[in-house]
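Listed in order, the protein sequences are those of chains G, X, L, S and W.
The numbers in our numbering rise by one with no breaks, and the one at position 278 of the first sequence is 278.
Heads up: take any position in the second sequence, counting from 1, add 1000, and you land on our numbering.
Heads up: take any position in the third sequence, counting from 1, add 2000, and you land on our numbering.
Heads up: take any position in the fourth sequence, counting from 1, add 3000, and you land on our numbering.
Heads up: take any position in the fifth sequence, counting from 1, add 4000, and you land on our numbering.
Source of the hints: derived by calculation from the structure; they are not laboratory data.
All of these numbers come straight from a predicted model, not from anything done at the bench.
Built from N, CA and C at the ideal position, the CB exists for glycine as well.
Mixed in with the good hints there might be a few duds.
As the list claims (entries may be wrong) - From chain S, some residues computed to sit far from chain W (all C-beta separations above 12 angstroms):
#1 Arg3124
#2 Asp3223
#3 Glu3226
#4 Ile3238
#5 Glu3249
#6 Leu3254
#7 Gly3269
#8 Asp3276
#9 Asn3277
#10 Tyr3304
Said to hold, decoys possible - Partial chain L-side listing against chain S, Cβ under 8 angstroms, derived:
#11 Phe2024
#12 His2025
#13 Ser2026
#14 Cys2029
#15 Gly2092
#16 Glu2224
#17 Thr2265
Claimed, not checked - Here are some of the chain L residues that sit facing chain S, going by a computed Cβ distance under 10 angstroms:
#18 Phe2036
#19 Ala2037
#20 Asp2156
#21 Ala2160
#22 Tyr2240
#23 Ile2260
#24 Leu2302
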Amino acid sequence: NAQECFPVWLDNYKHDHSVHWLNFHSIDCKEEIEDFATEMGLHPLSVEDIYTFVQRPKVEEFDSYIFFSLRSLEPNTTSLELKKEQLSFILGSNYLISFQEKKSDHFTDVRERIEFDKGRIRKRGADYLLYKLLEAIIDNYFEVIEDVQQKIEEYDIRMAEEDDHSLFKEIEAEKRQLIELRQVVFPLKELFGQLEKLNNIQIDEENKYFFSDLRDNCLSLLDEIESNKSILEGLGNIYYAIQGQKMNEIMKVLTIVGAIFIPLTFIAGIYGMNFDNIPELHYKNAYFYCMAVMIILAIAMLIYFKRKKWL
Amino acid sequence: NAQECFPVWLDNYKHDHSVHWLNFHSIDCKEEIEDFATEMGLHPLSVEDIYTFVQRPKVEEFDSYIFFSLRSLEPNTTSLELKKEQLSFILGSNYLISFQEKKSDHFTDVRERIEFDKGRIRKRGADYLLYKLLEAIIDNYFEVIEDVQQKIEEYDIRMAEEDDHSLFKEIEAEKRQLIELRQVVFPLKELFGQLEKLNNIQIDEENKYFFSDLRDNCLSLLDEIESNKSILEGLGNIYYAIQGQKMNEIMKVLTIVGAIFIPLTFIAGIYGMNFDNIPELHYKNAYFYCMAVMIILAIAMLIYFKRKKWL
Amino acid sequence: NAQECFPVWLDNYKHDHSVHWLNFHSIDCKEEIEDFATEMGLHPLSVEDIYTFVQRPKVEEFDSYIFFSLRSLEPNTTSLELKKEQLSFILGSNYLISFQEKKSDHFTDVRERIEFDKGRIRKRGADYLLYKLLEAIIDNYFEVIEDVQQKIEEYDIRMAEEDDHSLFKEIEAEKRQLIELRQVVFPLKELFGQLEKLNNIQIDEENKYFFSDLRDNCLSLLDEIESNKSILEGLGNIYYAIQGQKMNEIMKVLTIVGAIFIPLTFIAGIYGMNFDNIPELHYKNAYFYCMAVMIILAIAMLIYFKRKKWL
Amino acid sequence: NAQECFPVWLDNYKHDHSVHWLNFHSIDCKEEIEDFATEMGLHPLSVEDIYTFVQRPKVEEFDSYIFFSLRSLEPNTTSLELKKEQLSFILGSNYLISFQEKKSDHFTDVRERIEFDKGRIRKRGADYLLYKLLEAIIDNYFEVIEDVQQKIEEYDIRMAEEDDHSLFKEIEAEKRQLIELRQVVFPLKELFGQLEKLNNIQIDEENKYFFSDLRDNCLSLLDEIESNKSILEGLGNIYYAIQGQKMNEIMKVLTIVGAIFIPLTFIAGIYGMNFDNIPELHYKNAYFYCMAVMIILAIAMLIYFKRKKWL
Amino acid sequence: NAQECFPVWLDNYKHDHSVHWLNFHSIDCKEEIEDFATEMGLHPLSVEDIYTFVQRPKVEEFDSYIFFSLRSLEPNTTSLELKKEQLSFILGSNYLISFQEKKSDHFTDVRERIEFDKGRIRKRGADYLLYKLLEAIIDNYFEVIEDVQQKIEEYDIRMAEEDDHSLFKEIEAEKRQLIELRQVVFPLKELFGQLEKLNNIQIDEENKYFFSDLRDNCLSLLDEIESNKSILEGLGNIYYAIQGQKMNEIMKVLTIVGAIFIPLTFIAGIYGMNFDNIPELHYKNAYFYCMAVMIILAIAMLIYFKRKKWL
C-alpha cells in the first residue's frame, strides 16, 4: 500500500472510506513532505515535529488528526549502542501516515499480516492499525530487554574467567541501554494513559482497550528494566569482589615466597661475608647444620601460612 | 475431582449447582484445551493468554468468567535459581478451571483439605476455592523469603571463614531471587486491589475480605523483600570489608619480613664484597659486632611495627 | 489485677462497668486460652492470630471487640540481635486483654502507674489503657534508637584505633536492627491512621487524639531510623577509607625500604662476584668510594620520597 | 520588653491590647515557669512539652493559644557538630512567649529591629512577631548550608594534597550535619503547611502569607540539603579514587625497582657462588660482558615499563 | 526597543497598547531601578526580590503584574563550573520588563527574531514575549545537558588511556553541574504548572499552551539529568574497575618477578657461603647442575603462572 505516488493515494483515501496507510521510508525529501502535508491539511507544527528529534514521546491532538511521535530502540548486533530511530504517526479518521527516519524493516511483520488479513484491519479502522504498528515498536523494546538478559547469562559465565575490564565496561554499556530505554518507555506509559482518556473521533471507544494493553506492556517493560538494572549492578559488584580476591591471591603468592626466602637469603648472606674471623665457617658440619636450620625455618613458615589458611 | 474426561465434567457442572474444579496438570495438549474452551464458551484470547508467558500477573473480566494468571515461584533445593511456573485460572459462577504449566504438587495441600472438608468449600463457592489456591501460591512466595533468611544465617557464619568469591556470588544470586519475587509480588498487590473493587457476580461481596487478606500478604512480602535485600547488601559490604582486611594482613606480613631482612641482607652483602681493601674485615671481633648491629636493627624494626600496631 | 483465676475475672467484668485488664504472661497453655476465648465470645480467628507470628502489626474489628497485635522490639544487652516478642490485645468496651509471648516486664511501669492512679484510667476507659500499653511498647522502640545512637558514638571513637573487621560487622548488625525496626514501625504508622478513622464504640472519639499521638511517634521513629541508617552507612564508608589508608601506609613502608635497599644490595652483589678480572676490586680506596656511592643513592631516594610526601 | 518581672508583664499584657513578647533566656527555673503558666492559663501539657526534647517540630492548638516548638541548629565554629537548641513558642492573640533552652543570641537581630521599628510589629500583631522569630531560626538553618558549601570549597582544594583520612571523616561529619538538618526541616515544611490551613484567631488570614513564605524557605532548604549531600558523596568518591591512585603509584615504584634489580641481583649472586668449576669466572672480559648484559636487561625493563605507561 | 531612557519608554507604553519590552542589561544602578519601579507602580518587595539571589525560581502575582525570577545556567567553556545568572521578569498586561544580573547575550536571538517578526509578537501579547524569553533560557539548560553528553563521549575514550585522577574529578564536576541544574529545573517544572492554573489577565488562556510546553521541556530536562547522572556514575564505576585492574597488573609483574628470582637468588646465596666444608662446591659439574635446577625452577614457576592466567 505504501509509497505510491501521493496524488493517487490522496485520491484514493478521499473517495474510499476504508482504511489507508501511507508509510514514508525516509524523511529526507522535506519539500515533498511539506507539499503533501499542505494537501492533507496538516498543521505546519506537525511537519516541524517530524523533523525535531527529541527523547520523550509526544502526542498532540489536532482538529482532524492526532499526531504521535516516539523513538524506536533496537538491540544492535555489532555494537553496544542501541539502534535508534524517530517514528512519527498521523492518525486521521480513515487514514494513518507513518514517517520513518531511515529505511528499516520495523513494519514488515505488520505489513505481511495486513496482506494476509485485510479484512480485520479494514473492519477495525485506522486506530487499530496504529495499535498494531505501536505494538511492533514495543516488541522491539522487549527485544532490547531480552538481549540484555541474554548478555547477563553470558556475563555470568565469562565473569570468573576473564580478567579484562572490558567485561565491566560491557556491563555498564548494557546499563546505559536500559537507562536509554527507560527514558523512552517511562513517558510512553503516561502517554498511553492520556490516549485512553482522549475523547477523539480518531480513536474508537472499543479500540481503547488496545491502548490500555500497550500501557500494561510499558509497565511490564519498566519492571523488567528495573530488575535487570539491579542484576547488572549485582554483576558489577561480583566483578569488584573477584578483582579484590584475585589481588589477594596475587599478594599471597608474593608474600609467601617473600616471607620464606628473604630471611633465608639473609642467612646465606651472613655466611657469605668475608670477615677474617667467623668461627662457624670452620666447624666441620656447619654447612649442614645451617641448611637444616634453613629448612626448619621454611617449614615453620609454611605451617604458619597453612594455619592462616593462605595455602 | 480433577481431570475427569471433559464431557462428564461439562455435564456435571451444567446440571449441578455446587462448585466444580477442573485442574490441568499440563498445557501440552493445546488442541484439546482449545476444544474444551469452545465448549465452555471461553474467549479465544483467554486460551491465548494461557500460552503467553509474562512476568506480570494479569486479571481480565469477561462476561461469564474472570481470567487470572500469575507466576508461581519456589525455592530450588539444588540450584540458586527459583523454580518458576505460569498458572492460569478461569473463575466462573460455579466452577474454577486451573492450568498448570507442568505437573507439580502446588495444590496437593488444598486438594487434601477439600477432600476433608467438602462442605465448607461447597458452601463458600468457587471464589473461595480460588482464594485457597492463590493462598497456596503465595505461601510458596513466603517460602522463598524463608529460604533467603536461612541462607543469610548460613552466610553470617561462613563469612569469616571462607575466602572464595563464590560466597559473594551466592549473595548476589539470593538478591536476584528477591528481585524476581518482587517483580511478581508488586503487580500482584495492585491486582488484588483491583479484584476487591470489581463488581462481578463471580466474586461474592462476602469473600472479598479474603482477597484483601491476600493483598495484605503481598504487602508483607514486599516489606520482607526490601528488608532482606538490605541485609544481603550489608553482607556484601561485610565481604568487601573482610577482603580488604585480609589484604591488609597479607601485606603486613610481607612488609614486616621485607623491612627487617632486606636492610640486613644488604649489610651482609657489603661484607661479602671482594674489594682488596676493606679494613673492617680484618678486625678481630668485626663479625660479632656486625651481628650485634644486625640484631639491634631487627629489634628496632620490631618495636617500630609494634608501635604501629602491626604486630 | 492480672492473672486471677478466669471465673472470678469473668464474673467481675460482667457485673462491674469499670475498666478490667487481664494480662497473660505467656501463651503456652493454649487450651485454657481457647476455653477462655469461648467464654468471652471471641472469634476463633482471633485466638488463631495470637498464635500466628507475623512481622506486620495487624488490627481487626469484630462486633464486640477490636483485635490488635504487634511486635515488641527491645535492645539486647548481651547480643547484637533485638529481643522480639509478639503482643496481642483484645479491646472490648470495658475490658482489655493482653497476651505476652513470654513472661517479661513490658508493662511493669504501666501497672505501677495504674496502682498509683487508678482513678484516671477508670475514668478514661479501656482504650486509654490500651494507649498506655502501646505507648510503653513504642518507648521500647525509641530505646532501640537510643541504643543505636550510643553505639554510633562508641564507634566514632573505636574507628581510628581498631583494625578488626568486627567493628564493620557490628555496624552492619546495628543497621539490621534498624531495618527490622522499620519493618515494624512503618505498617504501625498506617495502622494508627486506620485506628483514628474507625467508627467504633470501643474507641472514644476523645481518646482518638492519643492514637494520633502514637502515629506522630511512629513518624518520628521513621525519621530517626532513616537518619541513623545514613549515619551508619557513613561510618561504613569511613571504615573503608581508613582501611585503604592503612593499606597505603603499609605499602609505603615496604616500598621505601625496598626502593632504597634492593638497588644497594645489587651493587654489593656485583662486587661480591668472583670473576678473576674485576679491576675495581684492586683500587686502593674502591671500597670507600663504593660506600659513598651507596650512601648518596640512599639519600637521593629519601629526598625523592620526601618530595612525594611519602615520609 | 523581655524578662521583666512576671507580674508587671502580666499586668501589662492584660490591660494593653498591643503586642507583648516575653522571652525566657533559659528554662532552668522550672517551678517559676510552672507558676507563670498557671497564671497565664496554659495547659500543663504545654509546660511539659517545653521540657521534652524531641527531634520533630511540633504545633498544637489550644483554646486560647497555639503551642509551637522546634529545634534551632547552628554551625559550630570549633567543632564538627551543630549547636542545637530547643525553642518553644506560645502564641496568644496579643502576646508571644518564647522559651530558649540556654542563653543565646538568636533573637538579638529581631529585637534590634523591633526597637527600631516598633510600629510595624505593633500593627501586624503577635503572629507577625512569631514569623520574624521563626525567620531568624530558619536563617540559621541556611547558615548551616552555607557553612557546608564553604567547607566543600575548602575540601576541593585540600583533597589533592592531604593523605590523612581525617578529610574523609570531616566529609562524613558534614553529611551528618545535613542529615540532622533534614530531620528538622522536613517535618517543619509539613508543619507550616498545617499552619496555613489552621482556622485560628491567633493567626491573621493576612499573615498566613508569611508562613507560606517560610514553607517555601523550607523547600529551598531541602533542595539545598539534597544537592549538598550529593556533592559531599561525590567528594567521598574522589577521595577513594585518589587513594586508589596513590596506592597504584606506590606499588608502581616498588614494582619497577623490584623488577629491575631483583633479577640483576640474582645474576650477581650466580657469579658470587664458590663452585670450584665456574668457567665464565676465568674469561678475561667476563666481568665486563656480565655488566653489559645487566645494563641491557635494565634498559629492556625500563622500555617495557615505559610502554606500559608506568613511567 | 530596550534601554531607552525611561521617560520615553514610560510615555510610550502608557499611550500605546501594543507590547513593550524593557530589558536591563545590569542591575548595578539600584537607585534608578527603584525610581523606575515607583513610577511603574511596582511593589517594593519585587524590587527587593530582583536583588535577592536564590536557587529556587519564584513566581508572585501582584494586582497589576506577575513577578517571575529564575536562574540561567550555561556551560562554561573555560571551567568546569556553570555560568550562573539571576534573571527577573515583570509581566504586565501590555509590557514586559526583564532584569539581567550582568550584560550577557541571552536574548540576542529573541531580539533578532522580534526585529524580524514584529507582527506576531505584537499580536500575541507580552505573555508570548515572556514565553519566548523563557524558552531561550531553557534552551541554555539543554545546552548544559548536551555539553555533559559530549563530555561523556570524551570520557569514554579517555578512560582507558589516562591514569590521572583528574578524569575522575571531572566526572564528579559534571555530576555537580547536573545536580545544580536539577535544583533549578525541578521547581521550575512545578512553577510552570502553577502558571497554567493562574487566572490572571496578564496571561492569555490561549497562550497557556506555551507554558505547558515549557513544563514538558522541564520534564524532558529532568529525564535527561537523571539519565546522564546514572551514566556518569557508571563511568565512575568503570574508573574504579580500571584502577583496580591496573593495580592487579602492577602486582602481578612484581609477584612474577619476585616469585621467580627470590628463590633463585637464595640458591645462589647458599653456594656463595664461605663454609670450609661444602661438598657440592667441589663436584666437577656442580655449577652446571645448579644452573639447570635454577632454570627448571624458573620454568616451573612460569608454567604455574601461565595456568593461573597471570601471564
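Right, here's what the structure says about each hint:
1. Arg3124: Correct as stated: the minimum Cβ-Cβ distance to chain W is 15 angstroms, above 12 angstroms.
2. Asp3223: It is violated; Asp3223 (chain S) is separated from chain W by about 5 angstroms at its closest Cβ, not greater than 12 angstroms.
3. Glu3226: violated (8 angstroms)
4. Ile3238: violated (6 angstroms)
5. Glu3249: violated (9 angstroms)
6. Leu3254: Leu3254 (chain S) not clear of chain W: closest Cβ-Cβ about 6 angstroms, inside 12 angstroms.
7. Gly3269: At about 3 angstroms from chain W, Gly3269 (chain S) fails to clear the 12 angstroms cut-off, so the statement is violated.
8. Asp3276: violated (5 angstroms)
9. Asn3277: Violated, since 6 angstroms does not exceed 12 angstroms.
10. Tyr3304: Given that some Cβ of chain W is not farther than 12 angstroms from that of Tyr3304 (chain S), nearest at about 9 angstroms, it is violated.
11. Phe2024: Hint violated; Phe2024 (chain L) Cβ to chain S Cβ min 33 angstroms, cut 8 angstroms.
12. His2025: violated (32 angstroms)
13. Ser2026: With Cβ-Cβ at 35 angstroms, over 8 angstroms, it is violated.
14. Cys2029: violated (41 angstroms)
15. Gly2092: violated (29 angstroms)
16. Glu2224: holds (7 angstroms)
17. Thr2265: holds (6 angstroms)
18. Phe2036: With a minimum Cβ separation of about 38 angstroms from chain S (threshold 10 angstroms), the hint on Phe2036 (chain L) is violated.
19. Ala2037: Result: violated, 38 angstroms to nearest chain S Cβ.
20. Asp2156: Hint on Asp2156 (chain L): holds, closest Cβ of chain S at ~9 angstroms, below 10 angstroms.
21. Ala2160: Given a least distance of 8 angstroms, the restraint on Ala2160 (chain L) holds.
22. Tyr2240: Holds. Min distance 7 angstroms.
23. Ile2260: At 9 angstroms from the nearest chain S Cβ, Ile2260 (chain L) passes the 10 angstroms test, so the hint holds.
24. Leu2302: violated (13 angstroms)
In terms of the numbered hints stated before, the structure departs from hints 2, 3, 4, 5, 6, 7, 8, 9, 10, 11, 12, 13, 14, 15, 18, 19 and 24, listed from lowest to highest.
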